[in-house]
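Participant: Listed below, chain by chain, are the residues.
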Amino acid sequence: MRRSNIWLWSAAALAYAFLYIPLLIVVVYSFNDSKLNAEWVGFTLSWYVALFNNQEMLTAARNSLIIAVSASFLATLLGTMAGLAIHRYKLKFLPVLVFTPVAMPEILLGVALLLFFLQVLNLTLGMVSIIIAHTTFCIGFVAIIVRARLQGMDESIFEAARDLGASPWQTFRLITLPLIMPAVVAGALMSFTLSIDDFVITFFTKGVGEPILPIQIYTMIKVAVTPEVNAISTLLMLLTLTLIIIAAKLDSGILRREAK
Amino acid sequence: MIKGDNKANRIAKWLVSGPPLLFLLVFFVAPSLIMLFTSLRFPGEFGGLAPIAAPAGAVHGEYGLTLETYQFFFSDILYAEIFLKSFAVAAASTLICLIMAYPLALLIARSEKRFRNLMVLLVVLPFASNFLIRIYAWMIILGPESVFSHFINAVLGAFGVAPVTLLFSSFAVLVGMVYVHLPFMVLPLYTNLEKHDPALLDAAQDLGANAWQRFWRVTWPLSLPGVFSGSALVFIPVLGMFAVPDILGGTGDILIGNLIKDQFLGTRDWPFGSTLSIMLTLAVLAITGLAAWLARPAAIPEK
Numbered sequence: 019m020r021r022s023n024i025w026l027w028s029a030a031a032l033a034y035a036f037l038y039i040p041l042l043i044v045v046v047y048s049f050n051d052s053k054l055n056a057e058w059v060g061f062t063l064s065w066y067v068a069l070f071n072n073q074e075m076l077t078a079a080r081n082s083l084i085i086a087v088s089a090s091f092l093a094t095l096l097g098t099m100a101g102l103a104i105h106r107y108k109l110k111f112l113p114v115l116v117f118t119p120v121a122m123p124e125i126l127l128g129v130a131l132l133l134f135f136l137q138v139l140n141l142t143l144g145m146v147s148i149i150i151a152h153t154t155f156c157i158g159f160v161a162i163i164v165r166a167r168l169q170g171m172d173e174s175i176f177e178a179a180r181d182l183g184a185s186p187w188q189t190f191r192l193i194t195l196p197l198i199m200p201a202v203v204a205g206a207l208m209s210f211t212l213s214i215d216d217f218v219i220t221f222f223t224k225g226v227g228e229p230i231l232p233i234q235i236y237t238m239i240k241v242a243v244t245p246e247v248n249a250i251s252t253l254l255m256l257l258t259l260t261l262i263i264i265a266a267k268l269d270s271g272i273l274r275r276e277a278k
Numbered sequence: 008m009i010k011g012d013n014k015a016n017r018i019a020k021w022l023v024s025g026p027p028l029l030f031l032l033v034f035f036v037a038p039s040l041i042m043l044f045t046s047l048r049f050p051g052e053f054g055g056l057a058p059i060a061a062p063a064g065a066v067h068g069e070y071g072l073t074l075e076t077y078q079f080f081f082s083d084i085l086y087a088e089i090f091l092k093s094f095a096v097a098a099a100s101t102l103i104c105l106i107m108a109y110p111l112a113l114l115i116a117r118s119e120k121r122f123r124n125l126m127v128l129l130v131v132l133p134f135a136s137n138f139l140i141r142i143y144a145w146m147i148i149l150g151p152e153s154v155f156s157h158f159i160n161a162v163l164g165a166f167g168v169a170p171v172t173l174l175f176s177s178f179a180v181l182v183g184m185v186y187v188h189l190p191f192m193v194l195p196l197y198t199n200l201e202k203h204d205p206a207l208l209d210a211a212q213d214l215g216a217n218a219w220q221r222f223w224r225v226t227w228p229l230s231l232p233g234v235f236s237g238s239a240l241v242f243i244p245v246l247g248m249f250a251v252p253d254i255l256g257g258t259g260d261i262l263i264g265n266l267i268k269d270q271f272l273g274t275r276d277w278p279f280g281s282t283l284s285i286m287l288t289l290a291v292l293a294i295t296g297l298a299a300w301l302a303r304p305a306a307i308p309e310k
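For the protein sequence lines, the chains are A and B, in the order given.
At position 89 of the first sequence (counting the first as 1) the number is 107 in the numbering used here, and the numbers step up by one without a gap.
At position 136 of the second sequence (counting the first as 1) the number is 143 in the numbering used here, and the numbers step up by one without a gap.
Same shape as in the complex, but just chain B:
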């Protein structure tokens, strides 16, 4: 009886975990490995890839595996600059998201229980509308004929500053990045802040701490795990984003994502595109590791 039960359980385990495991091995793990492999190959003459083995009768040409694309990546300062710029945009977006999301998350966490789910839903709802539409909305707002642009330029004009174009600029890219990713910051912050024991704040108040001290010495240090996981959830997608700079940015606003996109859909240099993707993957892994390390429970000061 027991034995049969164990066997049935083992079969059940494989029946349940087998199909998703198999699907993801084929359509996630294998493609990732193919990407790594592609980064080690030579580009084909007309885009795509050169064959691995030299065709019969070939006298010259580049076949087999190589680290050339990686050398190329490190030999041109242009690529390092684009990576640095992407990191800077990601860092700035993360910081702005944090500043906007923190009061909101704090308010939701301190609201009455029955309102909390509704308030969280209100943060998630815009996120559920089409990604392109959310970017497009800012094309309207930042467009040269918009009320907002007229207002900004009127204010600037009053101070004697020449009118500015808001759309197709780094400013527009930053606004778009923050807008698209803000909910990613609010949710982990809220999940963390909701768990704080209000007795801690009462105790701090009884001990004579003012509102700012209560925040800075109690709430903020306790919320750091939420801050770090929220930051990772914003930083990582911004780092690989190509649609926002593509739609809202100017000609100079090229980030890693745009560079990768161009290798596949523009110049058709698959090996270099794969190399860039691998470098992006490494950056993402490093950020994830850092965030996990910073957000570990021991990072919260005891006092």
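Extracted from the complex, chain A is given alone in its bound form:
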């Protein structure tokens, strides 16, 4: 038993190293006083200074923030409803609609929405189309988190409320909502990070005008890599990691969201 434990620990340590070393390298190089991501030359903050003087990057960050806030608001509203509905009522159709966009390759949703926006809605691609697209795939994540929370709860609380004469609305407002609130907030934070990070679906539903953060990063990586990429990466990591840790503290069900 002991010997197999050592073996397990080393394999797991390797896996953790594999997960963290690449990100650590990005962070370290963001402070490196060299244009190349090769040798360590010395400590500098100049890449961060350059970043904050990059007007297009700032606009992109602002746009992405607007998109993420709007999409996570819509997705939290609709996803909470979906999670409640799937848990409470025996619905056949809704679970399929809610969970399929989460499970299928992102490119398919991107393509389908691109064709739909251009052909049917005649929409000029831009912020609105991106917000709609992000909402579509975030609903599923919120619903999974909310449903996981509901599944762990004692149904008799809701029965008691009903027996005492509470209307469905009263039961929801006074009992259900306060109980699922941690999952709702966790779902909102999750949607926010998913939206601000999303590249594939944004790539298909973006217009030509407004700069968006992931697209800016993609262009920098493809065209001309400068350590400014490392700086923006480090800042984004800081932001999303903080949000995920808060979300995980609020609701442990978030860890099971992929496992369904």
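Hints are computed from structural coordinates only; laboratory data are not their basis.
These numbers come from a predicted model, not from an experiment.
Heads up, some of the hints might be wrong.
Claimed, not checked - Within a straight-line C-alpha distance of at most 30 Å, the following computed DSSO-like cross-link-like pairs (lysine-lysine) qualify:
hint	chain 1	residue 1	chain 2	residue 2
1	A	K53	A	K267
2	A	K108	B	K20
3	A	K108	B	K120
4	A	K267	B	K202
5	A	K110	B	K20
6	A	K108	B	K14
7	A	K240	B	K92
8	A	K110	B	K92
9	B	K120	A	K110
10	B	K202	B	K120
11	B	K120	A	K267
As the list claims (entries may be wrong) - Quick list of the computed label-pair ranges, beta carbon to beta carbon:
hint	chain 1	residue 1	chain 2	residue 2	range
12	A	A31	B	A218	18 to 24 Å
13	A	L83	B	V33	49 to 55 Å
14	A	L54	B	G273	28 to 34 Å
15	B	I159	A	L83	56 to 62 Å
16	A	D181	B	T295	38 to 44 Å
17	A	E177	B	K120	26 to 32 Å
18	B	F44	A	V203	54 to 60 Å
19	A	T77	B	S118	43 to 49 Å
20	A	A184	B	A95	25 to 31 Å
21	B	G167	A	G227	54 to 60 Å
22	A	W58	B	A293	45 to 51 Å
23	B	G167	A	V203	56 to 62 Å
As the list claims (entries may be wrong) - One side of the interface only, derived from the structure: several residues of chain A facing chain B at Cβ under 10 Å:
hint	residue
24	F135
25	W187
26	M238
Note that beta-carbon positions come from the ideal geometry of N, C-alpha and C, so glycine has one too.
Got chain A sorted already, so can you dock chain B onto it with the hints?
Facilitator: Leaving out everything else, chain B in the frame of chain A:
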């Protein structure tokens, strides 16, 4: 009273399920159907689509619906090759993820309860950082001037092998795919392994099974549902991925996703792009069905 209650409940049901249902019907079901419909149309002269009905005065041209794009897909061996290559990359990524994730998931499942959530969080955290950044990190590591590249080439040089370029290669694509999808494998495996009753292993040990036999005859067969759902969660997104080969791959590393992307943002052949997307959808459905069938509870051997 009862009757009114039922009515209120019915209204509540529709108030709760109606809005998400409506939103997804409009922004998920309808777009998917439009994609299917687009695959049956002719491409326009300058990209996009040809009109369905022939404009007045048109003498020739291609209008209406057609299966031509599907014929085109099956007539050129190139597309079958790209699909096969995508399947091979997806299979390889899945296998590597499984080999890396299994010991980790097993360790977490056998750790003390109070550490488990933290250990799972540590697996999820890198996954929460930007997707492009995680790919970009490997551009640095595999770049020609990196410490890692120098080390590999020094080792290869010692054996008299010519230096290799790691970045922009199929190797880099595989590394990127595994890196981006590893947590998808760890989580379902852990969820499964956590439920195993440790008494089973004790019983096996009492009956004289050694460590390897205990793993191979007890833990592994019981964990198969987790293995299959984890594999599906890695295989499916890898199959449609275009960003990893786009950033880390060389000119030859074109997978289904890149092909689709080019139809929409490069050559602007919407019908063919839609056809490719439909074929990808069919592949995904087949894989999902297979995984669900393999992971069904009855698949676990009783003895």
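Participant: For the range 38 to 44 Å, tell me whether the beta carbons of D181 (chain A) and T295 (chain B) fit it or not.
Facilitator: Once the Cβ atoms are compared, 42 Å apart, the range 38 to 44 Å for T295 (chain B) and D181 (chain A) holds.
Participant: Holds or violated: are the alpha carbons of K110 (chain A) and K20 (chain B) at most 30 Å from each other?
Facilitator: Within the cut-off at roughly 14 Å; holds.
Participant: Verify the CB-CB distance for L83 (chain A) and V33 (chain B) against the hinted window 49 to 55 Å.
Facilitator: 26 Å, violated
Participant: Given a hinted range of 26 to 32 Å, is it respected by the beta-carbon distance of E177 (chain A) and K120 (chain B)?
Facilitator: Check passed, 31 Å falls within 26 to 32 Å.
Participant: Starting from the hint 43 to 49 Å, judge whether the C-beta atoms of T77 (chain A) and S118 (chain B) obey it.
Facilitator: With Cβ atoms ~46 Å apart, the hint holds.
Participant: Mind checking the alpha carbons of K108 (chain A) and K20 (chain B) for me, to see if they're no more than 30 Å apart?
Facilitator: 10 Å, holds
Participant: Is the hinted range of 56 to 62 Å satisfied by the C-beta distance from I159 (chain B) to L83 (chain A)?
Facilitator: 41 Å, violated
Participant: Tell me if the beta carbons of A31 (chain A) and A218 (chain B) are separated by a distance inside 18 to 24 Å.
Facilitator: 19 Å, holds
Participant: Does the Cβ-Cβ separation between G167 (chain B) and V203 (chain A) fall within 56 to 62 Å?
Facilitator: 60 Å, holds
Participant: CA of K120 (chain B) to CA of K267 (chain A), is that 30 Å or under?
Facilitator: Distance of about 16 Å is within 30 Å: holds.
Participant: Next pair to validate is K120 (chain B) with K110 (chain A); report whether the Cα-Cα distance is within 30 Å.
Facilitator: At roughly 36 Å apart (the allowed maximum being 30 Å), K110 (chain A) and K120 (chain B) break the hint.
Participant: Mind checking the hinted window 45 to 51 Å against the Cβ distance between W58 (chain A) and A293 (chain B)?
Facilitator: This hint holds: roughly 49 Å between Cβ atoms.
Consistency with the previously given hints fails for numbers 1, 3, 8, 9, 13, 15, 18 and 20, ordered from lowest to highest.
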